[in-house]
Structures are given as C-alpha cells and as structure tokens.
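Participant: Chains as they are written, first to last, in the working numbering: chain V, 1 to 97; chain Z, 1 to 392.
Careful: at least some of the hints might be erroneous.
Stated by the list, open to error - Below, computed lysine to aspartate or glutamate pairings styled on EDC-like, alpha-carbon distance capped at 20 Å:
(1) V:Lys47 <-> V:Glu21
(2) V:Lys11 <-> Z:Glu215
(3) Z:Lys249 <-> Z:Asp201
(4) Z:Lys237 <-> Z:Asp280
(5) Z:Lys366 <-> Z:Asp240
(6) V:Lys11 <-> Z:Asp188
(7) Z:Lys307 <-> Z:Asp359
(8) V:Lys11 <-> Z:Glu385
(9) Z:Lys249 <-> Z:Asp188
(10) V:Lys42 <-> V:Glu21
(11) V:Lys87 <-> V:Glu21
(12) Z:Lys199 <-> V:Glu64
Said to hold, decoys possible - Derived, one-sided and incomplete: chain Z residues facing chain V with beta-carbon distance under 10 Å:
(13) Ser2
(14) Arg4
(15) Ile7
(16) Glu8
(17) Leu100
(18) Arg204
(19) Thr207
(20) Met208
(21) Val216
(22) Ala223
These are computed hints drawn from the structure, not numbers from a lab.
Bear in mind the structure is a predicted one, so any value in this text is a computation, not a measurement.
The beta-carbon is built from N, C-alpha and C at its ideal position, and this holds for glycine as well.
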Amino acid sequence: MANSDAIVGWKTITFGCHILEPGNAANFRTGDWRSQRPVTDKEKCIKCGMCWVYCPDMAYSQDEEGYFVANMEYCKGCGICAHECPKDAITMVPEEG
Amino acid sequence: MSKRVGIEVSIAIAEAVGLARAEVIPAYPITPQTHIVEHLSEMVANGELDAEFIPVESEHAAMSCCCGSSAAGARTFTSSSAQGLSLMSEILYIPSTMRLPMVMVVANRAMSAPISIWNDHQDIMVQRDIGWIQTFAENGQEAVDLTLHAFRVAEDRNVSLPFIVNIDGFTLSHVIEPIELPDQEDVDKFLPPFKPRYKLDPRRPITMGPVGIPEVYTEAKVAHDMAMRKAKRYILKAWDEFAEIFGRKYNPVESYRTEDAEILLVTMGSISETAMTAVDAMRDDGQKVGLLRIRLWRPFPSQEFRKAIGKAKVLAVVDRCLPPGAVCGPVGAEIRSLLYKIPGAPKIFSFVAGLGGRDVTVARFKEIVDKARQFAKKRPRELYEVIGVREK
Ligand code: SF4
Ligand code: SF4
C-alpha cells in the first residue's frame with residue numbers, strides 16, 4: 001500500500017492526523033488497489049482531453065505526441081475516463097494477478 | 001468584583017460560557033439542557049455576547065458544526081442530554097482524535113425506553129469511550145467553575161482535546177443555588193484567547209480528517225490515547241491556576257472523612273452531597289465510613305484514586321447506570337480493573353442506584369454501606385446489586 005518510508009509511528013504521526021503538506025497524495029502510490037486499467041486506442045483518439053478533464057485522480061498527462069496517458073501509480077480504475085470518452089477510445093481491461 | 005447571586009444553575013452555566021467569550025455556539029434544545037442554550041441564544045440576540053449562535057436542525061448537525069468551528073479556530077461551546085447526545089454519537093469520536101478543542105456541558109439524563117427526562121448517568125456512559133476529557137460537577141458553583149476550567153484545558157496547546165462537563169439533569173440544571181459569578185477581568189486572566197496549533201486557513205491550506213489506512217490507524221489512536229494521558233498534568237495545573245485566581249481548589253478525586261475509614265462510598269456527581277450527609281450520620285453512629293468522589297472521569301486519575309483509598313478495606317461503588325448483561329456498572333468495573341490483584345486492595349462491591357430520576361436518599365446510602373459490610377464478611381452471589389428495586 002503506502003510507501004514504506006512514509007509510514008509513521010505514534011510519536012511521529014502528524015498532530016490530529018492532519019495533512020500539513022497540500023497535495024501530498026502525489027508522494028504515494030494511491031492506485032495500486034486497481035482491479036482494471038484504462039487502455040487507449042490511439043486510432044480512435046482525437047486528443048480532445050475529456051479523459052484528462054474527468055479523471056478524479058488527475059492521473060492523465062499529455063505525451064509529446066499530444067495523446068493523453070494515465071499514470072498507473074495513481075489510476076484507481078474507476079472507468080470514468082472510458083465512460084466520458086466521446087470516441088469510445090478507452091477500454092477498461094482487468095488487471096491480472 | 002465577583003458577585004454571589006441566587007441563580008438557576010443552567011443560567012449560571014450560560015453566563016460562564018459568556019464570560020469565557022465563546023465565539024460559536026451550535027446547539028439544539030433538549031430537556032434538561034434547554035435553559036443553558038436558551039439563555040445563550042438570548043445573550044447573543046440581546047447583543048450581550050458577541051458570538052454566532054447557530055440554531056441547527058439536530059444534535060448531529062450541532063456536533064458537526066462544532067467540529068467545523070473549532071477547526072476554523074473559534075472558541076466553541078455546545079450542550080446536550082440523553083437521546084440528543086446519542087444523536088451526536090457518529091460525530092463525537094471525530095473531534096477527539098482530530099484534537100479539536102471544544103466544550104460541551106451534558107445535563108445528564110436517562111436513556112429511553114421507557115421515555116424518561118429524568119436524571120441518571122446512562123447517557124454519558126454510552127459515550128464513555130469517545131476520547132473526550134470528562135469531569136462531573138457536584139453542585140452549581142462547581143458546574144460554573146468546571147465550565148471555565150474546561151475551556152482552559154481543552155484549548156491548552158499541550159492538550160488540544162474536546163471536553164465534557166457533566167452536570168446532573170434537574171438536580172443541578174433546574175435548581176436555584178447561591179453561586180459566585182466571577183469577574184470578567186479574572187476570567188480573561190485565567191482564559192487567554194484561543195490560539196490553536198493548526199486551523200483551517202485558505203492562506204495555509206492543510207487537510208483535517210483524512211483517511212487512516214490500516215498502516216496508520218493504530219498509530220493515530222495511540223497518539224490520541226497518549227494525549228489523553230498527558231492531559232492529566234495540564235488538568236491539574238489549570239485547577240491550581242484556577243485556585244490562585246478564584247480561591248476555589250479542585251482535585252481529580254475528593255476525599256470526605258476518609259481518615260481511618262474502613263468503608264468508603266464511591267460516587268460521581270450531585271448525589272455526593274447526599275452521600276456526605278449520610279457519611280456524617282454514620283460517623284455520628286460511630287461507623288468508620290468515608291466518601292470518595294470522582295470529579296475527573298476521563299482521563300481516569302488512577303494514581304490519585306489508589307492513593308485516596310488509604311487503608312480502607314471495603315469500597316461501595318455507586319453507579320447511576322445499569323448496563324444490561326454486563327458484569328457490573330461502568331464505574332464499578334473501572335475500579336475493579338484498576339485495583340485487580342493489587343496487594344492489600346480493598347474488596348469492591350458494585351451498586352446501581354438513582355436510575356431515571358429516582359432519589360438516592362441518606363437512607364439508601366446507609367443501606368448501601370450496610371450491604372457492603374455484610375458482603376465483605378461473605379462474598380455475595382451477585383457481582384452487583386440494584387438498590388431500591390421492588391422485588392415483586
Ligand atoms: S477522451 Fe478519448 S478521445 Fe478524448 S483524449 Fe481521451 S482518449 Fe482521446
Ligand atoms: S480509470 Fe478512473 S482513475 Fe483511472 S485514469 Fe480513468 S478516470 Fe482516472
């Protein structure tokens with residue numbers, strides 16, 4: 001689950017269990033409990049960025065060619081991107097093992 | 001100058017909350033707490049208290065509001081009783097582990113069914129383990145003093161925990177007593193403005209109340225437990241400071257005529273005054289009886305309690321709560337586990353009395369002491385006894 005070096009003890013845990021550093025979820029692999037992953041068919045993709053807009057975990061970023069690629073460190077496999085894609089370019093594929 | 005006035009205890013508590021300069025008061029009325037929040041609402045409406053009074057739609061909302069207001073850095077007060085307190089249950093565990101200071105006066109009342117608006121301690125025993133600091137007041141003056149003390153301790157940066165002051169419904173809440181209402185100047189000296197360690201501030205964003213995955217949940221709870229244990233030092237310190245300013249000294253456990261006592265009654269709350277009268281009467285009869293009164297219930301003052309027992313051979317612990325199917329009442333169970341296998345520990349007998357507004361009279365206390373004395377000679381069959389129940 002969480003990175004082992006980020007695991008705290010009761011003496012080092014933050015006061016009230018608050019998160020004092022905004023956006024620190026980026027430091028953790030938050031998506032490794034995923035049961036399915038999005039796979040994009042570049043033939044169908046029109047680079048509209050709707051997947052990037054709708055992903056609740058901000059997993060998408062654009063590559064050099066302008067395609068949107070989901071980062072599997074953070075993708076939780078919810079399937080929202082596949083549902084929202086206007087070209088049905090995204091297929092949800094079960095994670096094996 | 002502080003003034004001594006004849007005043008209903010609920011009104012006096014509201015005045016104390018005003019003297020404490022509470023800033024946000026989300027509250028929902030329920031008997032027997034109503035007069036406290038009614039009076040606070042009046043004070044705010046009349047411009048006598050510069051606070052937000054939020055007339056919420058339920059106790060669940062009241063406690064949720066309290067969490068938000070404390071997180072935003074405002075001095076926060078609310079009050080409840082019985083079924084209303086239970087409606088807060090879902091939220092009550094949240095401000096404590098999140099270390100959000102706030103003060104709640106609970107006017108203790110029986111839990112329905114059957115419907116009862118009258119006094120006992122069942123409502124607060126349902127909430128025994130919510131991780132709030134808890135004290136029990138014996139009389140009106142103490143209710144006022146403990147309310148001021150609660151703000152001081154809760155908001156101490158070394159403590160930073162929510163705090164419940166228990167007052168017996170009707171027996172205290174609706175009784176007019178002579179009470180010394182302190183000076184604003186003295187209260188200001190005792191109670192500095194609330195400066196939380198962390199607060200919700202858009203200029204310095206933080207997250208309060210994130211998920212605690214299995215890898216950190218235990219650590220978060222242990223940190224809370226340790227904070228409670230550490231809090232005792234600051235609770236005592238605040239009582240010392242209170243005594244310096246206001247001249248009234250409070251202890252976590254009060255002893256009454258315990259020197260050379262063989263049997264000690266153990267009580268919490270307003271029945272302790274009747275218990276003292278009973279002790280006096282039994283002492284006049286030549287019986288070596290005394291009284292221990294627990295004022296600080298959470299964190300439990302283990303050391304102080306053990307010390308206060310002295311050489312007593314028998315403890316008669318009076319619970320105002322009957323948990324069906326349990327080994328005995330919660331205070332009885334606490335004391336038994338505290339003293340288990342300690343060499344020379346007294347025999348402990350658990351009694352349940354004063355449920356749903358039934359008076360615990362001097363005669364009842366004498367009956368409890370007589371029973372404890374007999375049980376001590378021969379172990380009783382039952383692990384607790386309900387006093388004054390009609391066997392027919
Ligand atoms: S929503 Fe579909 S079409 Fe649009 S960029 Fe994403 S994958 Fe391509
Ligand atoms: S499956 Fe969900 S989490 Fe993963 S990339 Fe798509 S929208 Fe984001």
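Participant: Next, verify each hint and record whether it holds.
Facilitator: Here is how each hint holds up against the structure:
1. V:Lys47 <-> V:Glu21: Roughly 33 Å separates the two Cα atoms, so the pair is violated.
2. V:Lys11 <-> Z:Glu215: holds, 14 Å
3. Z:Lys249 <-> Z:Asp201: Roughly 38 Å between the alpha carbons, so the hint for lysine 249 (chain Z) and aspartate 201 (chain Z) is violated.
4. Z:Lys237 <-> Z:Asp280: Violated, because 31 Å separates the two Cα atoms, which is more than 20 Å.
5. Z:Lys366 <-> Z:Asp240: Measuring from Cα to Cα gives roughly 34 Å; hence the hint is violated.
6. V:Lys11 <-> Z:Asp188: violated, 34 Å
7. Z:Lys307 <-> Z:Asp359: violated, 30 Å
8. V:Lys11 <-> Z:Glu385: Answer violated: lysine 11 (chain V) to glutamate 385 (chain Z) is near 43 Å, above 20 Å.
9. Z:Lys249 <-> Z:Asp188: holds, 19 Å
10. V:Lys42 <-> V:Glu21: violated, 37 Å
11. V:Lys87 <-> V:Glu21: violated, 38 Å
12. Z:Lys199 <-> V:Glu64: Since the Cα atoms of lysine 199 (chain Z) and glutamate 64 (chain V) sit roughly 42 Å apart, the hinted pair is violated (cutoff 20 Å).
13. Ser2: Check failed: Cβ of serine 2 (chain Z) comes no nearer than 36 Å to chain V, outside 10 Å.
14. Arg4: Not OK, violated: arginine 4 (chain Z) not within 10 Å of chain V, min 41 Å.
15. Ile7: violated, 37 Å
16. Glu8: Because about 37 Å separates glutamate 8 (chain Z) from the closest Cβ in chain V, which is outside the 10 Å limit, the hint is violated.
17. Leu100: holds, 7 Å
18. Arg204: Hint on arginine 204 (chain Z): holds, closest Cβ of chain V at ~9 Å, below 10 Å.
19. Thr207: holds, 4 Å
20. Met208: holds, 5 Å
21. Val216: holds, 6 Å
22. Ala223: Because about 5 Å separates alanine 223 (chain Z) from the closest Cβ in chain V, which is inside the 10 Å limit, the hint holds.
The structure is inconsistent with the numbered hints 1, 3, 4, 5, 6, 7, 8, 10, 11, 12, 13, 14, 15 and 16, although it conforms to all the rest.
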